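The lines below spell out each chain.
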Amino acid sequence: AQKVTQAQTEISVVEKEDVTLDCVYETRDTTYYLFWYKQPPSGELVFLIRRNSFDEQNEISGRYSWNFQKSTSSFNFTITASQVVDSAVYFCALKGLPTDSWGKLQFGAGTQVVVTP
Amino acid sequence: DTAVSQTPKYLVTQMGNDKSIKCEQNLGHDTMYWYKQDSKKFLKIMFSYNNKELIINETVPNRFSPKSPDKAHLNLHINSLELGDSAVYFCASSQRLAPSPYNEQFFGPGTRLTVL
Chain A
206 AQKVTQAQTE ISVVEKEDVT LDCVYETRDT TYYLFWYKQP PSGELVFLIR RNSFDEQNEI
266 SGRYSWNFQK STSSFNFTIT ASQVVDSAVY FCALKGLPTD SWGKLQFGAG TQVVVTP
Chain B
0 DTAVSQTPKY LVTQMGNDKS IKCEQNLGHD TMYWYKQDSK KFLKIMFSYN NKELIINETV
60 PNRFSPKSPD KAHLNLHINS LELGDSAVYF CASSQRLAPS PYNEQFFGPG TRLTVL
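Line by line, the protein sequences give chains A and B. Each number in our numbering comes from the position in the first sequence (counting from 1) with 205 added on. Residue 59 in our numbering sits at position 60 of the second sequence; the count goes up by one each step and never skips.
To be clear, the hints were calculated from the coordinates, so they are not data collected in a lab. Remember, predicted model here, so these are calculated numbers, not experimental data. Don't take each hint at face value.
Listed below are the simulated DSS-like cross-link pairs for lysine-lysine, each with C-alpha atoms no more than 30 Å apart in a straight line [as the list claims (entries may be wrong)]:
| # | chain 1 | residue 1 | chain 2 | residue 2 |
| --- | --- | --- | --- | --- |
| 1 | B | K8 | B | K51 |
| 2 | A | K243 | B | K18 |
| 3 | A | K221 | B | K18 |
| 4 | A | K221 | B | K43 |
| 5 | B | K40 | A | K208 |
| 6 | B | K43 | B | K21 |
| 7 | B | K51 | B | K66 |
| 8 | A | K275 | B | K66 |
| 9 | A | K275 | B | K18 |
| 10 | B | K8 | A | K243 |
| 11 | B | K40 | A | K243 |
| 12 | B | K43 | A | K208 |
Build out the structure end to end from the sequences listed, making use of the hints.
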């Protein structure tokens with residue numbers, strides 16, 4: 206069975222601090238895909254990044270960076286110099302192939318990030 | 000130019016009623032999904048259709064019936080609504096496999112259903 210664990214329920218930081226969100230996954234598939242989504246207070250789900258299991262390169266996009274480590278089954282997400290607009294719930298998700306070749310995403314429980322001025 | 004749209008955004012109704020939520024995507028995707036997000040923010044897939052064919056049907060009460068008239072639309076009909084059906088329902092779409100197996104899902108804005 207596939208599983209995504211986001212152990213941090215809520216993280217509170219002051220603006221300009223860095224915040225790292227942990228994501229640990231379990232899958233038996235050798236090919237799989239990992240995603241991060243953001244859900245701001247307005248409620249929509251916004252796609253942030255995808256990573257496949259063969260690509261362990263870390264990625265940086267502006268203030269966002271992702272650290273994928275297959276050895277520890279982790280796909281962590283860091284927001285550098287946080288801003289109030291980063292306040293949201295962040296979800297890590299997993300899609301395995303061939304188990305979920307039809308696209309079923311397994312979501313983690315989400316981490317609420319609260320950034321205060 | 001909204002990619003995935005849902006109507007209505009809010010739905011308040013009495014127990015026992017029947018209601019529908021509509022979803023449309025203009026991304027040309029061939030696969031659409033319904034997810035349920037409960038009050039604790041847990042997101043769980045309910046159904047998925049690929050080219051109008053039901054391909055994922057999780058353990059969902061048969062009071063919930065999805066219908067896909069074409070690959071750009073996936074509607075969700077709920078009979079005999081119960082208190083526990085109160086949640087946010089998200090529609091999503093993706094392009095399965097082609098041009099790549101990444102096919103991240105794009106979500107609609109959600110429909111907040113409240114059953115009184």
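Taking the hints in turn, this is what the structure says about them:
no. : hint           : verdict
1   : B:K8 x B:K51   : 24 Å, holds
2   : A:K243 x B:K18 : 29 Å, holds
3   : A:K221 x B:K18 : 45 Å, violated
4   : A:K221 x B:K43 : 33 Å, violated
5   : B:K40 x A:K208 : 16 Å, holds
6   : B:K43 x B:K21  : 18 Å, holds
7   : B:K51 x B:K66  : 8 Å, holds
8   : A:K275 x B:K66 : 39 Å, violated
9   : A:K275 x B:K18 : 44 Å, violated
10  : B:K8 x A:K243  : 19 Å, holds
11  : B:K40 x A:K243 : 12 Å, holds
12  : B:K43 x A:K208 : 12 Å, holds
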